[in-house]
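Per my numbering, residue 1 is the first one in the sequence shown, and the count goes up by one each step.
No lab work stands behind these hints, which were simulated from the structure alone.
Predicted model only: the values in this text are computed from it and were never measured.
Mixed in with the good hints, there may be bad ones.
Straight-line alpha carbon distances no greater than 27 angstroms define the calculated DSSO-like cross-link-like pairs of lysine-lysine that follow [what the hints assert, rightly or not]:
no. : residue 1 : residue 2
1   : K278      : K252
2   : K306      : K343
3   : K252      : K86
4   : K53       : K278
5   : K203      : K252
6   : K203      : K278
7   : K357      : K306
8   : K86       : K53
9   : K357      : K343
10  : K343      : K252
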Amino acid sequence: MQTIQVRLADASYEVIVGASLLGRLEEHLQRAGLSGPFLIVSQPRIFEALGSKFGKKFPVALIPDGERAKSLGTVSRVIDRMVELKLTRQSTVIAVGGGVIGDVAGFVASIYMRCIAVVQVPTTLLAQVDSSIGGKTGVNHRAAKNLIGSFYQPRLVLSDPLALRTLPDREYASGLYEALKYGIIRDAALFEDFEHNVATLLKREPEALERLVAKCALIKADVVMSDERERDLRRILNLGHTVGHGLEAAAKYQRIKHGEAVGYGMIAAARISTALEKLAIADQERIEAAIRSIRRLPALTGLNSKAVLAALRHDKKIRDGVVHFILPRGIGSVEITPAVPLKTVRDVVEEILDEGKRIPGSR
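Starting from the given sequences, assemble the full structure and let the hints guide the process.
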């Protein structure tokens, strides 16, 4: 078991990574000084697979599966359940699930009675390495992903690698794209380890997963402690998300998993950086090869560059009317820049869409 400390000006908490944590939830809640009444927020498929580990000790609010569940309508329904249970300001919401659950439950906790505690129990790899840490919460608007939300830190994060055994292969692979991101932005050794040991990670070996999750969590915590509100450094965590979010929006948050969109987005960022002579072609090729070694990315049939580029206009990384891109400068190093010509972005997006449309089938 490994423990990562997140120390911020107004909030400090632990990220605990280790096997069999789910069966000791009550122990960790008590250790963190959290008392009831509690409410678990989860999704049917996740709770069916893991709910037995919690017994019947906690009431549950289940929300639909999928990115489209990240809506104000879902938030309202969860709050209805909280009112029904008479939750108080001393209550705690426990988010058991992936990024959708963490975002929705965290946002609900941040606004119910002007905020109550939330504990993140991520059960997907993507959530364990990224979204459960750092306090980003929120839901989607029809104009853009995560347009409505708040920064609200959890009181505790419990990441159990054994929970990842329940994931479908595609969902698990989606998290590996996000984990690889940390090697590109901050840790060349992590990237190289990924290149050499991707087969081991694909087998979901618990010890390898615990090391990977802990390494990524440590990088995420370090960046968040330096820049909690994403005013500067924290923006590097958005590598691949600019074009990635555009693809998700163009697909109406269907067909493409978030991690897959980030995989495509990191390919786009590497190609843009190479086009601007910021990244060596050899490093671009290594980045693309590592991404494609995880799993075949999904087909992009039916998407067009106009819809993808339109989504970029609503991107949260816009400053002074300009989209800021996070571009790799080498393995383990990135820069944030507004100086990316629209033509370069359009050319790369169209190139990726053309390649994606030639992928056989759609998963």
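Hint-by-hint comparison with the structure:
Between the alpha carbons of K278 and K252 the distance comes to roughly 32 angstroms, so the proposed pair goes past 27 angstroms and is violated. For the hint pairing K306 with K343, the CA-to-CA distance comes to about 12 angstroms; that is within 27 angstroms, so the pair holds. For the hint linking K252 to K86, the alpha-carbon distance of about 36 angstroms lies beyond 27 angstroms, and the restraint is violated. Distance hint between K53 and K278 is unfulfilled; the C-alpha atoms sit about 49 angstroms from each other, more than 27 angstroms.
Distance restraint check for K203 and K252: the Cα-Cα separation of roughly 31 angstroms exceeds the 27 angstroms cut-off, and the hinted pair is therefore not satisfied. Under the criterion of a C-alpha separation no larger than 27 angstroms, the hint pairing K203 with K278 is inconsistent with the structure, at around 35 angstroms. A distance of roughly 15 angstroms separates the Cα atoms of K357 and K306; the hinted pair therefore holds under the 27 angstroms criterion. As the CA atoms of K86 and K53 are separated by approximately 25 angstroms, the hinted pair is consistent with the 27 angstroms bound.
Only pairs whose Cα atoms come within 27 angstroms are accepted, and K357 paired with K343 is accepted, the gap being roughly 21 angstroms. About 24 angstroms separates the Cα atoms of K343 and K252, which keeps this hinted pair within 27 angstroms; it holds.
When the structure is compared with the earlier hints, violations turn up for hints 1, 3, 4, 5 and 6 and for no others.
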